[in-house]
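Novice: Could you build all of it, start to finish, from the sequences and the hints given here?
Residue strings, one per chain:
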Amino acid sequence: MSARLTRRFEALARAGRAGLVTFVTAGDPDYETGLEIVRALPQAGADVIELGMPFTDPMADGPAIQEAGCRALDAGMTLARVLDLAAAFRAGDADTPVVLMGYINPILAMGLETFTARAAAAGVDGLIVVDMPPEEDAPLRRAASAQGLHLIRLATPTTDDDRLVRVLDGASGFLYYVSVAGVTGSKSAAGADIDAAVARLRRQTDLPIAVGFGIRTAEQAGAVARSADAAVVGSAIVNVVKAHLGRPDLVDAVSRFVADLSAGVRAARKEHS
Amino acid sequence: MSARLTRRFEALARAGRAGLVTFVTAGDPDYETGLEIVRALPQAGADVIELGMPFTDPMADGPAIQEAGCRALDAGMTLARVLDLAAAFRAGDADTPVVLMGYINPILAMGLETFTARAAAAGVDGLIVVDMPPEEDAPLRRAASAQGLHLIRLATPTTDDDRLVRVLDGASGFLYYVSVAGVTGSKSAAGADIDAAVARLRRQTDLPIAVGFGIRTAEQAGAVARSADAAVVGSAIVNVVKAHLGRPDLVDAVSRFVADLSAGVRAARKEHS
Amino acid sequence: MTDAPANSFTQGPDERGHFADYGGRYVAETLMPLILEVERAYEAATRDPAFQAEFDDLLTHYVGRPSPLYFAERLTEHLGGAKIYFKRDEVNFTGAHKINNVVGQILLARRMGKTRIIAETGAGQHGVATATVAARFGLSCTVFMGAVDMARQRSNVHRMTLLGADIRPVHSGNATLKDAMNEALRHWVAEVDDTFYVIGTVAGPHPYPAMVRDFQSVIGREVREQILDREGRLPDSLVACIGGGSNAMGLFHPFLDEPTVRCRAVEAAGRGVDTGEHAASLTRGRPGVLHGNKTYLLQDADGQIIEPYSISAGLDYPGVGPEHAWLRDQGRVEYVHATDQAALDAFQLCARTEGILPALEPAHALAHVAEWAPTLPADHLMVMNLCGRGDKDMDTVVEALGLTAGEAKR
Amino acid sequence: MTDAPANSFTQGPDERGHFADYGGRYVAETLMPLILEVERAYEAATRDPAFQAEFDDLLTHYVGRPSPLYFAERLTEHLGGAKIYFKRDEVNFTGAHKINNVVGQILLARRMGKTRIIAETGAGQHGVATATVAARFGLSCTVFMGAVDMARQRSNVHRMTLLGADIRPVHSGNATLKDAMNEALRHWVAEVDDTFYVIGTVAGPHPYPAMVRDFQSVIGREVREQILDREGRLPDSLVACIGGGSNAMGLFHPFLDEPTVRCRAVEAAGRGVDTGEHAASLTRGRPGVLHGNKTYLLQDADGQIIEPYSISAGLDYPGVGPEHAWLRDQGRVEYVHATDQAALDAFQLCARTEGILPALEPAHALAHVAEWAPTLPADHLMVMNLCGRGDKDMDTVVEALGLTAGEAKR
Ligand SMILES: Cc1ncc(COP(=O)(O)O)c(C=O)c1O
Ligand SMILES: Cc1ncc(COP(=O)(O)O)c(C=O)c1O
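Heads up: the protein sequence lines correspond to chains D, S, P and V, in order.
In case it helps, UniProt numbering puts the first sequence at residues 1 to 273.
In case it helps, UniProt numbering puts the second sequence at residues 1 to 273.
In case it helps, UniProt numbering puts the third sequence at residues 1 to 410.
In case it helps, UniProt numbering puts the fourth sequence at residues 1 to 410.
It is worth saying that the hints were derived from the structure and are not from the lab.
One or more of the hints may lead you astray.
[What the hints assert, rightly or not] Straight line, CA to CA, 16 angstroms or less: simulated EDC-like cross-link-like pairs of lysine to aspartate or glutamate: (1) V/83 <-> V/345; (2) D/187 <-> V/379; (3) D/242 <-> D/252; (4) S/187 <-> S/135; (5) S/187 <-> P/191; (6) S/242 <-> S/252.
[To be verified] Computed Cβ-Cβ distance ranges for the label pairs, DEER-style: (7) P/234 <-> V/60: 19 to 27 angstroms; (8) D/217 <-> P/371: 56 to 64 angstroms; (9) P/341 <-> D/219: 41 to 49 angstroms; (10) S/217 <-> V/151: 52 to 60 angstroms; (11) P/73 <-> V/221: 23 to 31 angstroms; (12) P/401 <-> V/60: 51 to 59 angstroms; (13) D/204 <-> V/193: 20 to 28 angstroms; (14) P/301 <-> S/142: 22 to 30 angstroms; (15) V/374 <-> P/341: 18 to 26 angstroms.
The C-beta atom is built at its ideal place from N, Cα and C for all residues, glycine as well.
Specialist: So, in structure tokens, the structure goes:
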């Protein structure tokens, strides 16, 4: 298994702070700009990079990420180009874990073996495939683990304890907790609910727990970062991309926003303790 | 029975010519003008006057007479006013037979007895009620004959010999032969057909035979007048009214047209003999 | 009816087509021979088992009869009174009861060797049914329709067009049903040889009122069988809307000699029977003659026909079938009325409680059910004829309710 | 299917909802618990005679089943080949087969204690059926519909509005059925607690494909009984159009293990399967995953879904139910296709020979019948599923044919 993810979460644990997982759609608004954005993320404070693989029918995403996917597709992105982008990033950054997030159909179109092999070669560390619940993901899991890629499982408020056993069986890398029932970009969960959910998950797993969905501000990220091992921010970053489309300060704006989030995450446990 | 009709047809027979029956809607375009038109008809050559009783739903009439009825109704005509108009005409003309033509509903509304009594008092000689076939006209026939009014029956191209017996049983005044299957103002029947039809009718009745529907010109009237006892012209006259609406020469125009028709009728048997 | 058993309401009309003083054959002489021919042909057909078999076969396989008898459970609960059943003639092929009659008449036309079919239509349901069955038998079809009705029942105009019918817009009068019937009669007079006139309701010259009633009586016969099956007894009341009166006659007729079955027919009160803008001929009319029969008519003192008004094109007619006139005088059927507004309210009530969008015509019947049922005990069985579906009325209702269709909600 | 008897085509799917490699439950984790709950509830319901009884009762009295099996005599004569029967699911209440399935699912939703219903719709028939049955049971109802479909199926939008449904226009993608389904799934994820998603075809995550098929199989079961009654033997062929594939599955399923019965499903070829503007997923698609199941999809080399095209909103979908994918690979069902133009021609043929205005969806099936039947002998019995009526398509057809509606003929 790719060691970057594990190392990164261990390092965060040692540092006594949660990580910031930043999601952007690969190639939004185009390949070059998308690559610049991703390259700037670690510097801005991202601990893990989630790269969205654009898909025409992202049924678990809200408008922000839907539109980001459309921009990327319109600009000519394909799954192969997503892997190119990941490889280009990896060429300049050996440490920051990269997780691809998306839907299964483009992966099937490339072929599970080809895709996982090329992803591994590109320096990708893990995969999140939204429409692949544990009931269906065995072939992908086999292909991924053959290439040392983590297949990251998701838990949600609807995942009860019984089901959690199933979700955790075969989970790897970290556990992604979707904190609200809804699509990406929905409104955020209450801090107390998140604390309770994370506590429940910790009773059943030692995997690091990243919490996402609906985190929009440094404060919200900070609130999550108190109990979770990482806060995932997606739509809010993508919205910054959208707000700066065609402007020369796009990459800077994203970096500034990520730096702000990162500050929120880093400050979280300090404030509290 | 009112003797005017019989006398008139006898006189025509003696004169060796057919008569001209002119139809106008009573009170078209208004009571005063309508009365003037009717008063001018005998002078212009009409031998019998058919006065249309306007009705909202004249289901046996074509557009010309429908519209004439609408004009009359819009100008305030009622059945009572039709009788007034007949009486006013009769006050100045003791000889020209007047036949009312129309539909049964306004008559029922006035009451069969009241209507026939008032019609007789107004100097009316006969009635043609289009939607009263022999099967239904017994009550009207009783009321009419009690007042000495002829109830004039109609025969059509669809009336076969068997049925003709029924039509003729109780017929009085004259027999009205509708020469085409159609509403008033349809296209006219061929002369030969009319001759044949009249010949057929004559084999079964001694009543005078008036032929109508579709006669538009002096020539057509003349053709009918060769075999029939009278030619009935309606829509063509009503069209002259319509063409001169609002013009000072309306009555004159109608008179001129009737005079023309009359000349056609009077010339018919002469030409032939 | 004069020679019918004194205690029977189902033996009419007499051999001259009269229901006491009503009915008859008040048509121009040109039509009389044809009318008599239709009568003879119809009588022969009723005696011919092959005719009945063909009629039944088409009703079963083409029209989809029997139509369901449906217990309107939520409406019954909502109104809190009589137990309400709907006779679902809206589920028939083409969407209304009209097709029952059309199938019968077109089979008759074929027997008579006629090759052209004409019809009048108001709501367009009769026109659609006629265009449909004419197409089914490869007969040419001409439909007369008031221009106003064409505008308010546009979808049915499309349907007739696609079925290959020649649609003749009628502009005279109010350009509604009465005028369409005038025009159809005028046309028929000129085409007596090859043409059969399919009248859409229990009106017109004899034998139409009796013939249409007979063809529509399948409704009541089915109800009888279905309710006996479901409830083990006859209904206590029957309710139907009444334009010309064919769906009402069809429902009532098989029950008229059952003295325990109350019958109510609901006329269109338009803006109110006292406003002058309504179509309630039995409530506000007087006997007279129109369209070949004597019956109650909306008319002025001079005997001129008064233009009717109703939001519902199928009820927008100044007369009513002669058998209804007679049943009214006999007191056997009660004639009530419902306004446009009451019908619209009932439309919505039906949609929201039962998920059924009724045509505006039966919505009038339902308006009366909504008034009457709550006053009756829970063991009272009421059957309402839901004789047509609302699809044709969508534009009218959406507009009348001031609703915004979904697409405007963005 | 792996553990089904080797010679059976009716035992699927397996317990994980797979038809060989197709089907499955490819949904976000948030939905999985609910999907599993639906599956358990459905399994319990199928074992509960009370559930089946309630389903049957509603199909009989509310929907008006059985729908007729009609011998299309004039069409048969016209085409000169196989003897053609129509299964008349267009006569169902609300005008299509869709309601069979909706009744089943809404009864299930009630069993599960759900109070809100959501649905996607393309042609609007599924949306109307869902709004109808939801109203019938007093459940709140939200329907997702592509904005393009809302424009071309406007009358159905009106109907849903009047039934009290909340209609959510969808503007993403091509703003058609696929996009409506995306949006419905997104909405469901956020409302898992009280909401039941009524899917309109044999697609979506397990148990939907099997459940919808089971509810729709009433079509084929009736055909079986009716044709045995009429002809004393099974049909030789079955033809149905295929959007998601529910009417086809409903017709075919009870016959799949009868080797003498040929089954053909007709996809929408739009402007032609080689033009790129079509919706023929089995003809031109490749297996992939969309909307919760693995099946044939229209997609590019990169696995991006290709926007489909068809004149018929109900067929305008880039996928197909997974059981069809499997049946295709097995060779048990033949998948053919018909263009917009062929469907329009068939629409007119049907109108003129049988007086029936089909929906544009079954007009595709008829287009194939018109091609195939003449090549077959007169003793070949063919049953076509006439699964929807054309009322909803009047505007589209009138426009496509460049016809002038009657009123313009003055
Ligand atoms: C659905 C429906 N109901 C009722 C009527 C009224 O006619 P009748 O009173 O003859 O049933 C019509 C006439 O078009 C109609 O379409
Ligand atoms: C009448 C009709 N037929 C067919 C379809 C296609 O769906 P399916 O293939 O699931 O039967 C639809 C979908 O809306 C429809 O309305």
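Novice: None of the hints should be skipped; say for each whether it holds.
Specialist: Cross-check of the supplied hints:
Among the hinted pairs, residue 83 of chain V with residue 345 of chain V is inconsistent with the structure: their alpha-carbon atoms are about 20 angstroms apart, more than 16 angstroms. Of the supplied pair hints, the one linking residue 187 of chain D and residue 379 of chain V is violated, its CA atoms being roughly 64 angstroms apart against a limit of 16 angstroms. Simply put, residue 242 of chain D and residue 252 of chain D have alpha-carbon atoms about 13 angstroms apart, close enough for the 16 angstroms limit, and the pair holds. Between residue 187 of chain S and residue 135 of chain S, the direct Cα distance comes to roughly 28 angstroms. Violation of the 16 angstroms bound is thereby established for this hinted pair.
Restraint check: the Cα-Cα separation between residue 187 of chain S and residue 191 of chain P comes to about 13 angstroms, which is no more than 16 angstroms; the hinted pair holds. Restraint check for residue 242 of chain S and residue 252 of chain S: satisfied, since their Cα atoms lie roughly 13 angstroms apart, inside the 16 angstroms limit. Distance hint for residue 234 of chain P and residue 60 of chain V: a CB-CB separation of about 21 angstroms, consistent with the stated range 19 to 27 angstroms. Between residue 217 of chain D and residue 371 of chain P the CB atoms are about 59 angstroms apart, so this pair conforms to the stated range of 56 to 64 angstroms.
Take residue 341 of chain P and residue 219 of chain D: their Cβ atoms lie about 56 angstroms apart, and the range 41 to 49 angstroms is violated. Distance hint for residue 217 of chain S and residue 151 of chain V: a CB-CB separation of about 57 angstroms, consistent with the stated range 52 to 60 angstroms. Here the CB-CB span from residue 73 of chain P to residue 221 of chain V is close to 26 angstroms, well matched to the stated 23 to 31 angstroms. For the hinted restraint 51 to 59 angstroms between residue 401 of chain P and residue 60 of chain V, the CB-CB distance of approximately 32 angstroms leaves it violated.
Taken as a hint, the range 20 to 28 angstroms holds for the pair residue 204 of chain D and residue 193 of chain V, whose Cβ atoms sit roughly 23 angstroms apart. Checking the proposed 22 to 30 angstroms range against residue 301 of chain P and residue 142 of chain S shows it holds: the Cβ atoms sit about 24 angstroms from each other. Against the hinted window of 18 to 26 angstroms, the Cβ-Cβ separation of residue 374 of chain V and residue 341 of chain P comes to about 56 angstroms, which falls outside the hint.
Hints 1, 2, 4, 9, 12, 15, counting from the list given before, are not met by this structure.
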